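324 is the number that the working numbering gives the last residue of the sequence shown; the numbers go up by one with no jumps.
What the hints contain is simulated information worked out from the structure, not anything from laboratory work. These figures come from a predicted structure and were not determined experimentally. Treat the hints loosely; a few may be bogus.
Pairs of lysine-lysine residues, derived as PhoX-like cross-links and limited to a Cα-Cα distance of at most 20 Å, are as follows [claimed, not checked]:
| no. | residue 1 | residue 2 |
| --- | --- | --- |
| 1 | LYS214 | LYS177 |
| 2 | LYS223 | LYS248 |
| 3 | LYS136 | LYS191 |
| 4 | LYS305 | LYS236 |
| 5 | LYS106 | LYS44 |
| 6 | LYS214 | LYS179 |
| 7 | LYS106 | LYS243 |
| 8 | LYS177 | LYS223 |
| 9 | LYS106 | LYS125 |
| 10 | LYS226 | LYS190 |
| 11 | LYS55 | LYS87 |
| 12 | LYS87 | LYS134 |
Restraint ranges, calculated between C-beta atoms of paired labels, are given here [unchecked claim]:
| no. | residue 1 | residue 2 | range |
| --- | --- | --- | --- |
| 13 | GLU150 | ASP116 | 26 to 32 Å |
| 14 | GLN194 | ASP265 | 27 to 33 Å |
| 15 | ARG16 | LYS110 | 33 to 39 Å |
| 16 | LYS110 | LEU282 | 26 to 32 Å |
| 17 | ARG138 | LYS44 | 33 to 39 Å |
| 18 | PHE165 | THR318 | 32 to 38 Å |
Even glycine gets a Cβ: it sits at the ideal position worked out from N, Cα and C.
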Amino acid sequence: MEFSPDIIYNNYQNNRYSLSKTVELLLILIENSYHPKIRLKSLKIIVSIAPKSDKTYMALEYCVISDEFDQIRAKAVESLIRFFRHKAINVILWTIRNEASFLVLKSIRKQLNKIDAPILLNEFKDRMERISSKLKLRSRDLGVILDVSETIESVNIWNENQETFLFIPPTTIMLVKDKSIRGLSLSLVKKLPQSISQLPQVELLDLSYNYLKKLPHYLTNLKSLKYLNLASNELKSFPLIFKSWNIKNHLELNLSNNHIMNIPDWIENLSYLRKLDLSNNLIETIPKNLFKLSHLEVLDISNNKISYIPEKLYESETILKVII
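All chains, full assembly: derive it from the sequences and hints.
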């Protein structure tokens with residue numbers, strides 16, 4: 001007779017299996033199945049029906065130490081911290097010191113943020129410091145590394161003069177200077193990692209060729225930007241977050257190759273704009289407020305649906321170059 005986690009759990013719910021038998025059968029799957037999804041599902045069920053039993057502890061410990069699938073190790077160590085952190089402190093410490101998977105380390109970080117466990121927290125901070133040191137990076141900037149890469153071995157390091165470039169295949173590049181991430185290029189994502197908001201010193205942010213339909217508000221934490229590339233996304237309007245985004249520097253903003261249909265009147269408040277690229281959109285009119293941008297030097301509105309060009313555009317004293 002074939003067994004699967006769902007069949008076993010269904011028999012348990014219908015009182016055909018006792019709790020003890022259910023756990024025993026799920027343990028057999030965890031220890032013997034070649035399929036990671038089956039092992040993970042079995043582990044989740046055991047934790048849900050018998051979170052504090054000795055057999056659950058044995059299963060979690062086995063998975064943390066022995067399973068090659070990082071999602072399983074992440075779930076196991078998360079559950080150990082949640083239900084057995086005193087009993088399993090040596091196993092958890094070993095995992096913090098030796099685990100290569102950033103997914104597992106993020107799972108540990110998430111649980112440690114919920115509990116009071118100074119020994120584990122201090123050990124975790126030490127591990128983050130060691131990883132940061134290897135990448136020549138401040139630990140406060142490490143969050144985005146954990147979010148976009150799988151292991152420290154997947155981060156390729158290239159040094160040139162005082163700058164360090166971190167390449168994370170296939171689509172992420174970071175520029176590190178003075179131990180801070182100053183530049184970030186991230187492509188082919190549907191959702192931006194919130195850890196980007198923890199990079200206050202970033203000056204160059206390239207988010208082109210993603211699937212972004214809107215921008216998360218936490219990007220407004222990045223007040224040191226000088227260049228922001230949002231080309232080739234799925235934006236249908238001028239991102240509203242610019243209305244409350246207090247950027248300190250003059251900014252080059254690229255919104256080309258989106259689906260933007262109009263330029264909002266409140267654009268006059270974006271006095272920090274130095275270069276604005278709105279080419280290859282669906283814009284039909286140019287608002288008068290655009291001419292109130294006192295620092296705008298370059299404007300690209302080519303390949304839109306604009307039928308009328310206001311004379312003020314050519315009379316502007318600040319706009320040095322217009323591409324129509």
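Notebook entry, point to check: Range hint 26 to 32 Å: satisfied by the CB atoms of LYS110 and LEU282?
Noted result: 41 Å, violated
Notebook entry, point to check: Between LYS214 and LYS177, is the straight-line Cα distance small enough, at 20 Å or below?
Noted result: Violated - the C-alpha atoms of LYS177 and LYS214 are around 29 Å apart, more than 20 Å.
Check: Given the hinted pair LYS223 and LYS248, is their alpha-carbon gap at most 20 Å?
Finding: The hint holds at about 6 Å.
Check: Going straight from one Cα to the other, do LYS55 and LYS87 come out at no more than 20 Å?
Finding: With a Cα-Cα distance of about 13 Å, the restraint between LYS55 and LYS87 holds, given a limit of 20 Å.
Check: Does the structure keep LYS226 and LYS190 at a Cα separation of 20 Å or less?
Finding: 24 Å, violated
Notebook entry, point to check: Is 32 to 38 Å a correct range for the gap between the Cβ atoms of PHE165 and THR318?
Noted result: Once the Cβ atoms are compared, 35 Å apart, the range 32 to 38 Å for THR318 and PHE165 holds.
Margin query: Please verify whether LYS305 and LYS236 have alpha carbons no more than 20 Å apart.
Written below: 15 Å, holds
Check: Range hint 26 to 32 Å: satisfied by the CB atoms of GLU150 and ASP116?
Finding: 30 Å, holds
Next item on the list: Would you check the hint for LYS136 and LYS191, treating anything up to 20 Å between C-alpha atoms as holding?
Entry: Outside the cut-off at roughly 27 Å; violated.
Item checked: 20 Å limit on alpha-carbon distance, applied to hinted pair LYS106 and LYS243 -> Violated. LYS106 to LYS243 sits at ~33 Å, over the 20 Å cutoff.
Margin query: Given a hint of 33 to 39 Å, does the C-beta separation of ARG16 and LYS110 actually sit inside it?
Written below: Once the Cβ atoms are compared, 36 Å apart, the range 33 to 39 Å for LYS110 and ARG16 holds.
Note to self: Taking the Cβ atom of ARG138 and the Cβ atom of LYS44, is their distance within the range 33 to 39 Å?
What the structure shows: 36 Å, holds
Hint violations for this structure: numbers 1, 3, 6, 7, 10, 12 and 16, all remaining hints satisfied.
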